[in-house]
Every structure is written in structure tokens, then in C-alpha cells.
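These two chains come separately, so use the hints to put the complex back together.
For reference, the chains in residue letters:
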Amino acid sequence: MQEGGRDPPSYRPSCLQTREEVKLPARLKGNSLQASEAKLAYLFLMPATLFLCAFMFFPIFRVIQSSFYATDKLGGLSHFAGLENYVTLFKQSTFRMILFQSVYWTVLAVAIKTLFGLILASLLNVEYRGRRFARTLIVIPWASSAPISAILWIWVYHSEFGLLNHSLRALGITQNPPIWLGTPGLVFYSVIWVDIWLGIPFMTLVFLAGMQAVSVDLYEAANVEGANALQKYYHITVPGIRDVLLIATLLSTLWTFNDFNTIYVMTRGGPVNSTHIIITYLYMTTFERLRWGQGAVMAVITLIILSFCAWIYSRLYFRKGD
Amino acid sequence: MLSRGRVGRGFVIFITIVLIFFLLFPFFVTISTMLKPAREIYATPPYWIPKGLALYNFVNMWKFHPFAQYFTTSAIVAFSTTALTTLLCVPAAYALARFRFKGKKIFFFAFLAIQMFSPIVVIISLFKIMVFLQLLNTYFGLILANTVFALSFCTWMLSGYFKTIPLDIEEAALIDGCSRLQTIQRIMIPISAPGVATVLIYSFILAWNDLIFALAFTTSVNKTPVTLGIQNFVGRFYSQWDYLTCAAFLATIPVVVMFLFIERQLVTGIAGGAVKG
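From first to last, the protein sequence lines stand for chains C and A.
The opening position of the first sequence corresponds to residue 1 in the numbering used here, with each subsequent residue numbered one higher.
The opening position of the second sequence corresponds to residue 1 in the numbering used here, with each subsequent residue numbered one higher.
Next comes chain A alone, as it looks inside the complex (with noise of 0.2 Å):
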């Protein structure tokens, strides 16, 4: 609307820019206080550029904390959700897809709706089951519950992923005498690579970011994942916040770039029929 004309163009560049900054401000922020000393951290009044560099926050953080504890957690827990959420979703998504049998919609609907629950919503009787089972303070208690919750938005991606891959190419595999399971590993998995990486990228985000599982199936630590070990530095007398910094940074970077490169496919996928136009 404001593209006429250089002037209205430099205006809305500035704007952005401006924007841009009020929103990345939190980060701005971290890479500050990370780089900066502790006495740097709590000078007043406080500064931007850190005077020395305190890259041993990283280190020390590492040696006094149980960081390494808290990442592996994270990895363990977000790489099996991952590939279970992957093992499950595949088949339903391409059922979905592609079969033509009684109570589809339904299905379909159930799908759909589940991806729109809160895991608070279940989180009572879930504990229970936990409990039950005696899944707590376990890897696999947190893996199931983060599946759960990443399981009914993969199968409603993939199969629409799957949906927009023409038939013919498979109904040529057929005649050439794959088998269904042929088909699907060989053809169907392949061309639809990329809505099968936003399945895998989007079920180890989910398990990564998780915080409510975490808080409600552990007590120990060494099965604390970072998003919840990460809350003990703020106390309430005492804060580690050139730790926290670091911790953060680290904990949040790799997922950021694999959010990069299943974003358009997110959007795509949650806007559905709206965007297609």
C-alpha cells in the first residue's frame, strides 16, 4: 500500500528496521549480558557493550552446573519423540491421503481437533497414567507425552503434504509391480522429502520447547531437560543471569535454525485452504 514512489519505500524499510529491533530486543539483550563479566552484568547504571569479554561464562557454566545433563535430556527425549512421532505419523498421513474407506472424516476430524487440545487439558490424568506406569522421573514418560501432543499435527501435515504429490507417479510404481510398502518407502517418502523433514524438524522443536512434561512427570535431576533446568537460576534471592544468558543461547540456537527451514511449510500447513486461495 506504501510502495509508491523512493520515499514511500525508504519509509516503510525504516519502519521495519525499527520494528525489527523492538522485537529482537530480548535477544539483543542476552548477547550482551552473555559476553559480559558478572561485575559487568550488575553495574549501574547498566551498559550495552560489554569492556571485557567473558567468554568463560560459557565454560564455567558448563563445569558448575549440570548442563551437559540437562542437553542430553533434551536430545534423548526430543530425538525419540522425533522418530516414534515419525514412525506413527507416516502410515496414518499416508492413509489419510490416499485410501478411500469408512469413517475418513472422522479421522479426519479427530486429527484436526487434537492438535488444538493444551497438554493441560490432560495433564491431570495423564500424571495418573504416569504414575501407573511408572513413567515418571523416566525418558519414556516424557517421549510419550511429547508424541502425543506432536503426533496428531504431523499426520495432518504429512497427509496434506502427501495429497499434493499426483497419483500417477505411484499408480505407475504399481504397474511396475512395487508393492504398496514399496511404494510408499521408495517413491512416496522420497519426492515428499521436504514435508517429511518439517515432520521430523517440527516434533523435535515441539519436545525441545517442552516445559509443562518436564514440570510435571520429573523431580530428578539427571532427568531435567534444558527448558526446565534452565528456570533454576532465578531464585528468589539470587539469579545467575550471565549463566542463564549462556545457557539460553545455547539452548535456543539450534532450534531456531531448524525452525527457519520448516516455517513457509508451517505456515502453509496451518493457513490450509485460506492461503491456497
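Okay, chain C solo, but in the shape it has when bound (with noise of 0.2 Å):
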């Protein structure tokens, strides 16, 4: 565990000190505090439960219900349809242009903020002072709100006052350094810089953190074996960072995925398009076309996609320790 991290508190009220002399009531025997009292455990998971169930498994059970209906404007369910809905989705080009750019979208995205995520976690993990602060530094994107910081980046890009292309200019690297949400082709690569930008932080510390849990004593014995720093990297950080790796990854598919705030505050989708993912495209077929129907099919098939990732989560999460 790293600095602090949450080690099990020391502190106990000198009055509760556990005493070998006291006689256990029957009741409390054994592992007595996880004994059944299943009803009390239900007693006190009721009122989550039922709250989850209400908004959250509920809904879920309507939009799947919805999927198979034909919908009026307002969104009422007017008569079965089947896959009617489905097929009509699936017949539109847009749409599966948008699904092939959803995953486009995530595989890139993903891809990039893991190598920027590497960089910077073993940046860090040589000591230095104000190393901490460094650290701190880059935690300040995740930190900051997703919808404001997007907007921010419309400003950063601005083609005529953007400081970000006066600082290009100025630094010599380009002359005409391009419209970034003007450009078609270009607007998808801008859009996905900020989802990655915000990415980058999670990324760094999770890896960060993976890195400082592996013992220190297989870096003292490479030392003695004459290993050089290259050989330590491949054969000690890498296989000791696996684990976190593949959550880190994981975790990072299943938000780039699910990034509504930067596409929709930044361009809409647009332009004709283009910056669309299943996401943004679900939230605007629904609310700003009020095709219902279709919308649904979307989140059943977002649902889908989640569920599967969650599952190798809980695999991965649960096979070491708990």
C-alpha cells in the first residue's frame, strides 16, 4: 500500500480494548459479527435496493420493453412491433457508419491515453522532490468538470483568438496551424484529443499506483544480477503492472465509450456526422428527433456492450482477493 493509501486505522477507545478474559456469550462466538442475521442485512440493504430497483432496474426493463414497440411522438408505447424497430436502425447507413465510429472512436482513445497513461506513470515513479506536486499537476484534468472543460477546449481551438494556435505560431512549429472544429476529417481527431486529455490522469495513477505496489526487492535482485534498466522494465514493471493494466483499460473502454459531455458540448455530432458516437447519436434521436423506438434499440444495445464489460470487470476484480 502506498503512502497512507487506507491502511486499517489504529485507533481504538481505550474502553473497547478486546480483553482474553472476557467470556463470549454464545451468541457472539466464532465469527460472531457475520452470523446469521441475514434479516438484518436485508433491513439494511432495502431502502439502496429498493431506490435501484425503482431507477435504475426498472427503467432498464422499459427501455428494453420499448426496444420491440412502436412509439409515438411523446414517447408513448402505441403497439408491439418486433424488430421493427431494430431493422429500421440497422437498414440506416448512419447509423452504422456511427457504430463502426464508436468503436473507432473508443479503440483510439483508449489505445492513446494507455501509452500516455505508461509515460507519465513511469515518469513518476522516479523520486524526486516535488515529485508529489507533479503529481498533483496531473491529477487536475480528471479533477475538473467534464461539460466545463470541454467547452474550455472550444476556446483553446479557436481559430482566430485560440491562444493554443497563436502558441504554435509563435513557437515557430506551424504558420498556419489549422481550424481544428472547422476542419471535415479534423473535428473527429480535435473532439477525441480532449476525451483522451481527460483520460490521461486515471490512467496515470492507476498505473502509478500498480507500479509502486511491486516490491522493491526484485529491482535489488536484478541489481545483483547485473540487469539494466531496459531488461528491469520488460521483465519486472510490466508483468508486476498486468493486473492494473487490464482493469485500468477496461475501466477506460467503458467511460471513452460512454463520453456524451465532450462530443455533445463541443460539436453536436457535427459536423454532418461526424463526430457522432452511439452515444450522443442515442440522446439526439430520442430527445432532439423524438424517434423513440429507435432510441431505445440504441441503449439495448449500449446495455449490451456494458454489461459485457462489466462482467470481465467483476472476473477480474474478484480473482484477486475478496
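These aren't lab readings, by the way, just hints derived from the structure by calculation.
Treat the hints with caution; some may be incorrect.
These stretches of chain A come out as covered by chain C in the derived footprint (C-beta under 8 Å, 3 or more residues) [said to hold, decoys possible]:
(1) 20-32
(2) 45-59
(3) 247-259
Think of the CB as a built atom: it goes at the ideal place given N, C-alpha and C, for glycine as much as any other residue.
Here you go:
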């Protein structure tokens, strides 16, 4: 566990010291606190569970149901339509393009986030004064509010008054910096960069935590054996953070796939759907074009993808400990 | 890996500084812009250091736009979400951490899975529920929706924290005649203060940063949170970047500060077994 973390606190009220000589009442013997207290457990879980049933599971059930129904403009279910919504949606070339685009968006963004995360974590894993401060600064993009950061990026990218293009000119990188949000083909990459930017801190921190959990002994042994830095990296660090790498990439995949804020704030999916992913297209289809049935179909598709990821995550999470 | 020698370390520090500058670029831009008078913001070519300090941007932003209203809404929604989430998640987390009962695995998996779902999956049906319950354009509607998404993660996180606290502390209290509720109140919650704080802050930030529920469930100005209100500054033909950057700065500072307190907890909580090594 690194610095502080969540080691069990040592605080214990003095009046509550466990005394050896105290005879435990029968009901407290053994693993008493975990004994058959099912009733109390259900009572404790009930409020949260009821709440989630009403506002999570019921809505999920309804959205699956309505994907099989024809709907009116207000979203009311009019009659059972079987797979009609699915068929109409998959017949649209726009939708198929957006589905493909979502995959491209996710894969590209996660790959770059992972790369940046690994680089930054390796850099922060070196000891020097001010390292903690550097770490704190790196957290900031993650800590700030995503919808607000996205809107700030519009201003950063501004072709005329934006300081990004100004800096590119001033540093002599290019005298004709691109119009980031106005060039078809480039917009997608300008927007995906903002998503990547938001995701880098998380990757960095998780990788760093993983690297710091790798035993120092291994490195010392390697030093004795005369291994060089690269060998140590490949044979100790990389295998050491394999699990962390898996979990972080998986979670990042989920979040990237679900990144509504960046796209909606920056481009609303335009120009001509070139920055839509399934999540934003779902929102537009439902709330702006009022095609509720098709929106529901997209929600179901998303749900299937997310459930699959959740399943893998739980497998990974439970593999160690717990 | 690059730690060898003074040169290596110097190189590492240099690259780190460059990358940090790169990552914080938008915030430098924001600070530069919010301090400039309008005519300097729209100067060509642009420049970094403001010539005149325009702190009146903050005053005007406050005066000419309903920002007090936006901030109030955000605060009400975020604080209430925090309260509701905590109320629901503490007992649930305790049960998951301490009791043995049938179906525990299912509960575990459900809480884990739900935190993966995005609001967008349920937003269509949630919207209809809000219509049915007449909760559109109400604080309560936003609070409910945000709580749904804060709840599962907080329960998960807190139950993990509870588990790290040794059983015998609680047993001792039970032997001394505390009831179960008293034990939770007087022993578990005080000892788990860092865990509980994480939950409080996490749900606050989640609600404060929400855009999608506000977008879908509110239309009136006096139920608009900052994240949505700020979007109005960017128009098709005319944008007010001076006011926008001021508002963005004010809306971001509190969450950044709070986040820095819980960031370590979040990382260990999320990465779970893998970091415990």
C-alpha cells in the first residue's frame, strides 16, 4: 500500500479493548459478526435496493421493452412491433457508420490514453523532490468538471483568438495552424483529443499505484544480477502491473465509449454526423428527433456492450483477494 | 527505469514539466482569458499576459447573467444528492461488508455492474418516469437521477473500506452492550471517516458535474445548474468568453479541491485487488 492509502486505522477507544479473559456470549462466538443475521442484512440493504429497482432496473426493463414497440412523438408505446425498430435502425447507413465510428473512437482513445498513462506513470515513478506536486498537477484534468472543460477546449481551439494556434505560431511549429473544429475530417481528432486529455490522469494514477506496489526486492535482485533499466522494465515492471493494466484499460474503455459530454458540448455530433458516437446519436435521436423506439434500440445495444464489460471487470476484480 | 544518475533524473524532470504544461494548457488559457478586458480577448494576434487586469469580469458575469441562480441550483442538487446517497449507502455498505446472508454475491455483482452503466442507457425511461411523477424542472428530479448513479459506486467503495476495519473492534463494542446501530454510529462511522468522506465528496462531485440529466430534465432557467448554464455563453454567432472563463473558473475550483482529497481513495477503490498486490 502506498503512502497513507487506506491502512486499517490503529485508533481504538481505550474502554473497548478486547480482553482475553472476557467470556464471549454464545451468540458472539466465532465469526460472530458474520453469523446468521440475514434479516438485518436485508433490512439494511432494502432502501438502496428499492431505490435502484425503481430508478435503475425498472427503467432498464422499460427501455428493453420499448425497443420492441412502436412509439408516438411523446414516447408513449402504441403497439408491439417486434424487431421493426431494430431493422429500421440497422438499415440506416448513418447508424452503421456511427456504430463503426464508436468503435474507432473507443479503440483509438483508449490506446493513446494507455500510452500516455504508461509514460507519465514511469516518469512519476522516479524519486525526486516535487514529485508529489507533479502528481497533483497531473490529476487536475480528471478533477475538473468534464462538461466545463469541454467548453473551455472550444476556446482553446479557437482559430482566430485561440491561444493554441497563437502558441503554435509563436513557437514556430507552423505558420498556418489548422482550424481545429472547422475542418471536416480533423474535427473528429480534435474532439477525441479532449476525451483523451480527460482520461490521461486516471490511467497515470492507476499505473503508478500498480508500479509502486511492485516489490522493491525484485529490482534489487535484478541489480545484483546486473540487469539494465530496460530489462528491469520489461521483466519486472510490466508483468507487475499486468492486472492493473487490464482493469484500467477496461474501465477506460467503458468511460470512453460513454463519453457523452465532450462530443455533445463541442460539436453535437456534427458536422454531418462526423463526430457522433452511439451515445450522442442515441440522445439526439430520442430527444431532438423524437424517435423514441430507435433510441431505445441503441440503449439496448449499449446495455449489452456495457454488461459484457461489467462481467469481465467483475471477473478481474474478484480474481485477487475478496 | 530512467532513475540512474543525475542526468537521467534531470531528463525525467524536464519531460515531466513539459507534459504537465501540455496537460494544463487549457487552464492557463482560461486564467489568461478571464483576467483580460474584452478588447484584449479579441485582439489579433492574441497574447498570453493581460495588459489590464479585468477583475470586473467576475462582477459583470454575476450581474448580467443568472449565475447566482445557476450556482444555487448546482449547490442544492449536489448537497441533496450527497445527503440522500450517504443515507442509502451506509447501511447497504455495512451489510455487504459484515453480514453473511443468502444472495450476497448477487448484490455484490449488481452494485458492481450498475456503476458501469452510463446514464444514457436509462435516460429514455427515466425521462418518462420523471414525466409521470411530474418531476421535470424540479430539484428533486435531478437529485433522484444523480443519486441513482452515485449510489452503487459509493456502496461498493464504502463496503470495501468497512472490510479493512478489524472485526474485533466491533465485537468488543457488542460485548460491552452496544446495539448494532450504536456500533455503526459510534464505532464504524468515526473509524471509517476517510471512507465516508470519500463517499460524500464523490457524490457531491458527480452531481455537481452532471450535464446530461440537467439537459434532459430541465428547461427553466431557475432549475439550470452551472454545467448547463455555462453552455449558453457559446452561441452560433456570438460567444462571451470573458464571462464564460470566469464562470468556468468559479465552478471548477471547488470540485478540483475536493477531488484532490479523495483521489487516492478512488484509485485504490477502483483498481481494487490489482493494486493491493
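Okay, the hints, checked on the actual structure:
no., hint, result
1, 20-32, "holds (count 10)"
2, 45-59, "holds (count 4)"
3, 247-259, "holds (count 6)"
Violated hints are absent here; each numbered hint is respected by the structure.
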